[in-house]
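Student: Protein chains in written order, with the numbering used here: chain C, 9 to 115; chain U, 10 to 129.
Calculated from the structure, these hints are not laboratory results. Computed from a predicted model, the values in this text were never measured in an experiment. Quick reminder that beta carbons are idealized off the backbone N, C-alpha and C, glycines included. A portion of the hints provided could be inaccurate.
[To be verified] Straight-line C-alpha distance at most 16 Å; calculated EDC-like pairs for lysine to aspartate or glutamate: (1) LYS50(C) to ASP117(U); (2) LYS53(C) to GLU57(U); (3) LYS50(C) to GLU89(C); (4) LYS14(U) to ASP117(U); (5) LYS22(U) to ASP100(U); (6) LYS54(U) to ASP100(U); (7) LYS54(U) to GLU47(C); (8) LYS53(C) to GLU89(C); (9) LYS53(C) to ASP117(U); (10) LYS14(U) to ASP83(U); (11) LYS22(U) to ASP97(U); (12) LYS53(C) to ASP90(C).
[What the hints assert, rightly or not] From chain U, some residues computed to sit far from chain C (all C-beta separations above 12 Å): (13) THR26; (14) THR32; (15) SER34; (16) THR40; (17) ASN65; (18) MET96; (19) PRO98; (20) ASP100; (21) SER128.
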Amino acid sequence: EIQLTQSPFSLSASVGDRVTMTCRASQAIGTNLNWYHQEPGKPPKLLMTAAHRLQDGVPSRFSGSGSGKDFTLTINSLQPEDFGIYFCQQGYGVPFTFGQGTKLEIE
Amino acid sequence: QITLKESGPTLVKPTETLSLTCTFSGFSLTTSGVGVGWIRQPPGKPLEYLGVIYWNYNTQYRPSLRGRLAITQDVSKNQVVFTMTNMDPVDTATYFCAYHITGPYYFDCRGQGTQVTVSS
Numbered sequence: 009e010i011q012l013t014q015s016p017f018s019l020s021a022s023v024g025d026r027v028t029m030t031c032r033a034s035q036a037i038g039t040n041l042n043w044y045h046q047e048p049g050k051p052p053k054l055l056m057t058a059a060h061r062l063q064d065g066v067p068s069r070f071s072g073s074g075s076g077k078d079f080t081l082t083i084n085s086l087q088p089e090d091f092g093i094y095f096c097q098q099g100y101g102v103p104f105t106f107g108q109g110t111k112l113e114i115e
Numbered sequence: 010q011i012t013l014k015e016s017g018p019t020l021v022k023p024t025e026t027l028s029l030t031c032t033f034s035g036f037s038l039t040t041s042g043v044g045v046g047w048i049r050q051p052p053g054k055p056l057e058y059l060g061v062i063y064w065n066y067n068t069q070y071r072p073s074l075r076g077r078l079a080i081t082q083d084v085s086k087n088q089v090v091f092t093m094t095n096m097d098p099v100d101t102a103t104y105f106c107a108y109h110i111t112g113p114y115y116f117d118c119r120g121q122g123t124q125v126t127v128s129s
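Use the sequences and the hints to build the structure in full.
Tutor: Now the structure itself:
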């Protein structure tokens, strides 16, 4: 089973800030990495697939990069609706697995 | 527009069998590459992959839960049924069904999920 480790566990930031979070896989997974955003009490929302491909309707302030084992999600100019938990998920091998999440909080 | 909606009991007793239905629209489960997956989230915990059924009726289950899970589909009703036997309090979670396609193998949850509590 491929393990995904996200860091940091949590971070605080202010509206307008730029933030970066990472997801590291226990083995190389190519670019088979998807990102989700979850607000409290809501289902996870698919943000990005294949490490960098934004889903329709996702603002361009979100960007993703990486391949192999190390991946990064960057949010430029944070907006109030961006706070919540971000999860990564690998689609390289079964069973599919999720990271433990990075909680983004308002500073 | 793709929609999915989970339905089923909110409370089950330990050792009972949980059965959830996912009713979907906006796509066909007969289209090559398409699947419906199930994930869950215990309170305050991360997402956990459970299993998926594909357009060709192939299924894949989380190994640690294999033997307890079954996912079937009724193409005529645009429904997928998720069954988990021998429920335990640790299975208390919100259960989501999701649109899933091969290639990127992502899980696109378009419904609110259904909260299931396991308690006597």
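Student: For every hint, state whether the structure bears it out.
Tutor: Going through the hints against the structure:
no., hint, result
1, LYS50(C) to ASP117(U), "holds, 13 Å"
2, LYS53(C) to GLU57(U), "holds, 15 Å"
3, LYS50(C) to GLU89(C), "holds, 12 Å"
4, LYS14(U) to ASP117(U), "holds, 12 Å"
5, LYS22(U) to ASP100(U), "holds, 11 Å"
6, LYS54(U) to ASP100(U), "holds, 12 Å"
7, LYS54(U) to GLU47(C), "holds, 13 Å"
8, LYS53(C) to GLU89(C), "holds, 12 Å"
9, LYS53(C) to ASP117(U), "holds, 7 Å"
10, LYS14(U) to ASP83(U), "holds, 15 Å"
11, LYS22(U) to ASP97(U), "holds, 8 Å"
12, LYS53(C) to ASP90(C), "holds, 11 Å"
13, THR26, "holds, 22 Å"
14, THR32, "holds, 16 Å"
15, SER34, "holds, 17 Å"
16, THR40, "holds, 18 Å"
17, ASN65, "holds, 15 Å"
18, MET96, "holds, 20 Å"
19, PRO98, "holds, 21 Å"
20, ASP100, "holds, 17 Å"
21, SER128, "holds, 21 Å"
Hint compliance for this structure: no hint is broken.
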